[in-house]
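Model the placement of chain E with the ligands on the given structure of chain U, informed by the hints.
Okay, here's what each chain looks like letter by letter:
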Amino acid sequence: MRTHARPWWQRALLTREMLTILILVVAWVVASAAVQGFDGPLTITYLVLDVAPVLLIALPMTLIIATGEIDLSVASVVGLSSVTFGLLHQAGLGLWVALPVSVLLGAVCGAVNGALVAYAGLPSLAVTIGSLALYRGLAVGLLGTTAVTDFPESWTDGATENLGESPYPVITLGLVALIAVFAVLLHATPFGRNVLDIGRSSEAARFSGVDVKRTLLILFVLSGAVSALAGVYYTLRYGSARGDNATGMELQVVAAVLLGGVSIFGGRGAIHGVVAGVLLIGVLSSALRLEGVTVNVINIVIGTALVVSVVAPRIAGGVRVRRRGAVGQRT
Amino acid sequence: MPNAAPTLRLDGVAKSFGPVAALRSGTLTVHPGSIHALVGENGAGKSTLVKIVGGVHRRDAGVVELDGEPVDFTGPAEAKAAGVAVIHQEPASFPDLTVAENIYLGREPLGRFRRIDRRAMREGVRDLFRDLGVDLDPDRPAEGLSIADQQIVEIAKAISLDARLLVMDEPTAALSAVEVRRLFAVARGLRDAGRAVVFISHRLDEVADLCDTVTVMRDGEHVSTDAVADVTPDELVRRMVGRAVADLYPKVPSTPGEVVLQVEGLESTGTFHDVSFEVRAGEIVGLAGLVGAGRSEIARAVFGVDQYAAGRVVVGGKDLRPGDPAAAIAAGLALVPEDRRLQGLVTESSVARNVSAVARRRLARLGILLPDAEARLARDWSGRLEVKAGALDATATTMSGGNQQKVVLAKWLATGPKVLIVDEPTRGIDVGTKAEVHRLLSTLAAEGLAVLMISSELPEVLGMADRVLVVREGRIVAELSRAQATPERVMRAATPGASETTAETEGAA
Ligand SMILES: Nc1ncnc2c1ncn2[C@@H]1O[C@H](COP(=O)(O)OP(=O)(O)OP(=O)(O)O)[C@@H](O)[C@H]1O
Ligand SMILES: [Mg+2]
Numbered sequence: 000m001r002t003h004a005r006p007w008w009q010r011a012l013l014t015r016e017m018l019t020i021l022i023l024v025v026a027w028v029v030a031s032a033a034v035q036g037f038d039g040p041l042t043i044t045y046l047v048l049d050v051a052p053v054l055l056i057a058l059p060m061t062l063i064i065a066t067g068e069i070d071l072s073v074a075s076v077v078g079l080s081s082v083t084f085g086l087l088h089q090a091g092l093g094l095w096v097a098l099p100v101s102v103l104l105g106a107v108c109g110a111v112n113g114a115l116v117a118y119a120g121l122p123s124l125a126v127t128i129g130s131l132a133l134y135r136g137l138a139v140g141l142l143g144t145t146a147v148t149d150f151p152e153s154w155t156d157g158a159t160e161n162l163g164e165s166p167y168p169v170i171t172l173g174l175v176a177l178i179a180v181f182a183v184l185l186h187a188t189p190f191g192r193n194v195l196d197i198g199r200s201s202e203a204a205r206f207s208g209v210d211v212k213r214t215l216l217i218l219f220v221l222s223g224a225v226s227a228l229a230g231v232y233y234t235l236r237y238g239s240a241r242g243d244n245a246t247g248m249e250l251q252v253v254a255a256v257l258l259g260g261v262s263i264f265g266g267r268g269a270i271h272g273v274v275a276g277v278l279l280i281g282v283l284s285s286a287l288r289l290e291g292v293t294v295n296v297i298n299i300v301i302g303t304a305l306v307v308s309v310v311a312p313r314i315a316g317g318v319r320v321r322r323r324g325a326v327g328q329r330t
Numbered sequence: 000m001p002n003a004a005p006t007l008r009l010d011g012v013a014k015s016f017g018p019v020a021a022l023r024s025g026t027l028t029v030h031p032g033s034i035h036a037l038v039g040e041n042g043a044g045k046s047t048l049v050k051i052v053g054g055v056h057r058r059d060a061g062v063v064e065l066d067g068e069p070v071d072f073t074g075p076a077e078a079k080a081a082g083v084a085v086i087h088q089e090p091a092s093f094p095d096l097t098v099a100e101n102i103y104l105g106r107e108p109l110g111r112f113r114r115i116d117r118r119a120m121r122e123g124v125r126d127l128f129r130d131l132g133v134d135l136d137p138d139r140p141a142e143g144l145s146i147a148d149q150q151i152v153e154i155a156k157a158i159s160l161d162a163r164l165l166v167m168d169e170p171t172a173a174l175s176a177v178e179v180r181r182l183f184a185v186a187r188g189l190r191d192a193g194r195a196v197v198f199i200s201h202r203l204d205e206v207a208d209l210c211d212t213v214t215v216m217r218d219g220e221h222v223s224t225d226a227v228a229d230v231t232p233d234e235l236v237r238r239m240v241g242r243a244v245a246d247l248y249p250k251v252p253s254t255p256g257e258v259v260l261q262v263e264g265l266e267s268t269g270t271f272h273d274v275s276f277e278v279r280a281g282e283i284v285g286l287a288g289l290v291g292a293g294r295s296e297i298a299r300a301v302f303g304v305d306q307y308a309a310g311r312v313v314v315g316g317k318d319l320r321p322g323d324p325a326a327a328i329a330a331g332l333a334l335v336p337e338d339r340r341l342q343g344l345v346t347e348s349s350v351a352r353n354v355s356a357v358a359r360r361r362l363a364r365l366g367i368l369l370p371d372a373e374a375r376l377a378r379d380w381s382g383r384l385e386v387k388a389g390a391l392d393a394t395a396t397t398m399s400g401g402n403q404q405k406v407v408l409a410k411w412l413a414t415g416p417k418v419l420i421v422d423e424p425t426r427g428i429d430v431g432t433k434a435e436v437h438r439l440l441s442t443l444a445a446e447g448l449a450v451l452m453i454s455s456e457l458p459e460v461l462g463m464a465d466r467v468l469v470v471r472e473g474r475i476v477a478e479l480s481r482a483q484a485t486p487e488r489v490m491r492a493a494t495p496g497a498s499e500t501t502a503e504t505e506g507a508a
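Top line first, the protein sequences correspond to chains U and E. Mapping of the first sequence onto numbering that gives the first Met the number 0: position 39 corresponds to residue 38, and the numbering continues sequentially without gaps. Mapping of the second sequence onto numbering that gives the first Met the number 0: position 340 corresponds to residue 339, and the numbering continues sequentially without gaps.
Just so you know, these hints were derived from the structure itself, not from any lab. Since the model is a prediction, treat every value here as computed from it, not as a measurement. Possibly wrong hints are sitting among the right ones.
Which residues of chain E face chain U? A partial, calculated answer using Cβ under 7 Å [as the list claims (entries may be wrong)]:
no.	residue
1	P336
2	V345
3	E347
4	L368
5	A390
6	L391
7	D392
8	A393
Every residue gets a Cβ at the ideal spot worked out from N, C-alpha and C, and that includes glycine.
Chain E with its partners taken away, still in its complex shape:
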């Protein structure tokens, strides 16, 4: 439709928070029947742009038009009413409401006598989940949902709005290939129905797969807009970070040493069963699997924030007290959890306080923390991870998603761990920094760190891990060496109902 007005048009949109110019000149034109990718480094201003479109922030300057009509939303409700559905980067659900209530919040279907029609609500949610191919109980409370499930709930909520414009800010960051494929099918369906879709992701293969047009942003400004077919991923990366990223998975070879982490017969009713594995010094072990397979739960139990029913965890030859994270930390364990906003960070605290949150115990002299000690540690580690924030005393809430993730990594690396468990370590981190994080993990492993890595991004697992354990429905169903681990093999082992025989026997050393 060459002459139709674009569904969304932004021109020169600017937004500052105090002295920080988050968005200098946001420019974006999205046509109906198109899926438009928005890419850029962490802190480039993508989420800020999305929040302006979604009515969360008011712009300072510039033009926003929907179907040719200028709009100026004063709140998310107005944007919703105008037909704009937004999946925000950090999902925020009401923990006390059920999944279905969260999805239908504020527009519950009414039955007789204007009472909420719970049946209709539940049916609607079931249909949505069927389209998305997820198995989630509509009646369970939202409290305790994993990050991936929270994202699914957000996606379902946005899709059910049946909006003319759907904006998705890193919806796939915690999803594995299977869920991503379903989401893409839904997005394509919307496109074919003439809706406009904006898709933000740091995974450029997804952009190539799903989108027809791609806009690059940098430092709050529009850089370029092209048809996806006209531009190579390498070129996109160069425009985003200003240099080429040679190798996304720089793997330093290392020879595994002695066993540092040993898990034996770990058991948690209804979550995971008979989980046994070991991680050696210098080794990166990947935990692959679908969303909900129980990988994060295993990690949390090993670290001690969750209890387990049976089994034991041995670190450096000593049994670890169950349910005692402080003991785990003292033994040299570190856990970068999946949910950075609730578990990884004290979001109201500053960068410096967050980075030193664990290591500060060691910084104290005679029990007293000297004023500079935390700042020095924080400057060192946030420098190594290229954290971008206004200042070390800026609160974590003011940082972009990817930069928050870097702070969580910095916080745990600063403790000098012997065993590092990372749950989605690069969730929301841009390509350039991702390569840096991978290089750092790889170098630390080569120096003797034992790494247990959970990632829904299969290329990341395959690119970084010396050994891959596949988790399916709470059990470790396959162990593959680096040479054996192909995407097909891992996916076959991870997917319930797929032929299992091959994966299970192969390489179970």
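Extracted from the complex, chain U is given alone in its bound form:
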């Protein structure tokens, strides 16, 4: 039997992920040509700095959505971790202590979500809408409307400075490393295979000895921890720990993941598509911002892109079915 039904180049190029990558390239080219200032040296720097939190959180979110679940509490965990980081700093603990404690707290937040979803069997949509409110409430409650801002410059600079003379911020290294880790995890380990199997048929996965509950718990813990890490980054990047940091960011994350070709029903998705989805949203936002377009309009554009990306495959599928029907009719 042949290993593959199609030649390698078709398998590599004719994919949902390639479509997102193609749109990203087109958007980049158009923005460079049409938007004044877009091809300037700072664009890449700011693009990376701006998309970093969404990119980070989108990685575990990809795996969660691939199982057919969702985590909407991520932006609230960003806020809670930002506040925790700030308060620990204010209390005089070193940032080298505040950082891991904040990340650990994020992992605990994720574990609570995961336990309720996996072991109590509650729908993740309901659980994480609840914890979205809960974690945000805690964050705002802890710090009120004030902010912690007196972070040491060595840390705030570290979050934003460039690699030598290049336009790439130092954090690019960390981002690339994490992307690689998640890509390997999803695409080249038994764990990643299990994740996709759960999304396609959790019953069949269970009959194959996959511990579905534990897998879900691990994913939510990962999501919490990475969101908290993003929260620390967010705090240092803007030099400000606030309870309302990153409010609403979960929508950007989910939008980027779905734009990247991950099926909202689970069972399908690839990290490279999601990275392209995140960058696409980043490019669209920064190009529109340079054009002086307001945030509201940017949100409309991203929202439309999202709806189209979810609806388009269904329409394409429908057309294909109808074409096949028409062939039958001709006989």
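This is chain E with the ligands only, laid out in the frame that chain U set:
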């Protein structure tokens, strides 16, 4: 009725899925008052033909006529409206609806004020089930029905349509002799009422028993059509697979070794009670019984996908943690479940991913799966089981039923188990491959594998098992050695209300 138009006539019907020609030249003529068998290897195109008749697929070419009128259905509803009832090979019910709602879906009886008349619905379903001789609650949700019960629901649905043409695609694959007999009585009743029936099965004794005409298909083409009386089963097999199948149950003698699987006092309220048995290395133990006797439930509990209330399972001397399939697999257990589409396979995944679904844990090096590792394993095992698919990366949904079943077998054999539990291992597998599967199981047993085999096909149990345990209403009621196990004895022990004394005492070693 020599001059009447045939109820169904297909001529040169073709259907391709992309590059795969599923049906090249489907030709079939079914007369009213006739039961027409359709036989052929796995992937011969039988289900594809049925789906065209039932309006699921549109044909690419050819003629389809009902009572002499050309038809071209664009959907199952049209076929139904034209008087065609189809029992599909893979039953698909709505899990959230009740059994009765599933049967009457889309044509619910209406009472006063156009409200659904639930009483009438329930009565109708009771009558249908009485004809079929099954004891199933019309008001229970369809979710969690066994494959056999799902098939019963499909059968009841099709029969209740009172159609002029009834097409049954492997309706008996999960049924035991008692249910099969009832189904045949119903089918004969329809025939005598002048309806036309198409019957697909890999069990040729059923074909000889029920049908008057038989059509053989091969590689998507019509091979022959004969009166059943004019052709021997051996000849049919030769036409189907292109060679003679000498021995359907090639049993390699083996000497049982030490006890590998030991089950003690297993108990699950309302399902099975005080189940104790052991399986030795090199031994094939058959679990016989009627549909609903609790055999699959016992298998699932032993493997750990279901919980149990009391008792213990010991593998290789060690107690197995209840409700933990991963631990069972680690201890060397494998379960080929009864429902291949929901439990056995991730149908959206490729052949390669499915075959390696369990074994891949061992394929990883430093936690990483190398790209070729899965494909190599899958090629090896799908070759041994003669899986036919377009390619290793073809999704399981595109395969014929029998080939899907082979993939499930391949997936578990690839794990190199010590104890293999198989629930209807050859459901939907054609004669030629069935003999291969039996030979494989027998050889593996001779090499020391312990096999627990559930099968509704009595000849399979009797042909393969060293020992037969009969399950009735959740209890093991008889244990028969290979020499003692005759069809009569097994059936007597399996049937509630039959005289029990003989079977229970005999050979309870
Ligand atoms: N949706 C599909 N897409 C691609 N190929 C398909 C599809 N459905 C069926 N096939 C292919 O068409 C061929 C015929 O399949 P079909 O299901 O009709 O066989 P069958 O005679 O019913 O076999 P079985 O006895 O195993 O049920 C097979 O090779 C199968 O892989
Ligand atoms: Mg079939």
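Now for the hints, and whether the structure bears them out:
Below 7 Å, beta-carbon pairs count as interface contacts, and E:P336 has one with chain U at about 6 Å; its hint therefore holds. Below 7 Å, beta-carbon pairs count as interface contacts, and E:V345 has one with chain U at about 5 Å; its hint therefore holds. Contact between E:E347 and chain U, as hinted, is supported at the beta carbon level, the nearest pair being about 4 Å apart and thus within 7 Å. Here the hint on E:L368 is kept, as its CB sits about 5 Å from the closest CB of chain U, short of 7 Å.
With its C-beta approaching chain U no nearer than about 4 Å, E:A390 sits inside the 7 Å limit, and its interface hint holds. Using the Cβ-Cβ criterion of 7 Å, the hint placing E:L391 at the interface with chain U is satisfied: the shortest such distance is roughly 5 Å. With a cut of 7 Å, the hint placing E:D392 at the interface with chain U holds, because the nearest CB-to-CB distance is about 5 Å. About 6 Å separates the beta-carbon of E:A393 from the nearest beta-carbon of chain U, less than 7 Å, and the hint is met.
In this structure, every one of the numbered hints holds.
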